[in-house]
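Trainee: Taking mature numbering (1 follows the signal peptide of the UniProt record, and there is no 0), I'd label the letters of the sequence shown as residues -29 to -1, 1 to 70.
Quick caveat, the hints were computed from the structure, so don't treat them as lab data. If a hint is listed, it holds; no wrong ones were tucked in.
Listed next, the in silico DSBU-like pairs over lysine-lysine satisfying Cα-Cα at most 35 angstroms (straight line):
1. K29 <-> K16
2. K38 <-> K16
3. K38 <-> K7
4. K29 <-> K7
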Amino acid sequence: MTMTARNLIYRQLMSTSVLLTGLVSTTATAPVDVVKTHMFVRGNKFSGPVHCMVDILKHDGFLGLFKGWTANYVRLGPQTTITFVVLEQLRSLAGLGSV
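Based on the provided sequences and hints, a complete structural model is requested.
Mentor: Structure follows, in structure tokens:
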């Protein structure tokens, strides 16, 4: 396998990894972000985060915990991409090579 083909495969795997990482991290943190936002906006209405989450589930259902998911993914996607690219460049400059 030539170095160019290897680099192309590596870049494709890196791109896929970045997209999947953004997808997983956005999905995992979305409920916490929604509860946090509700607490900031209407904090005096709730006795705590659990009470806030129960209220969201009661009024909006399970999918209510994922409101704003797309906006978070659009924000997190470029951030994750830049982070991975910068870290790989730093590894390369340090002579550590690719993972």
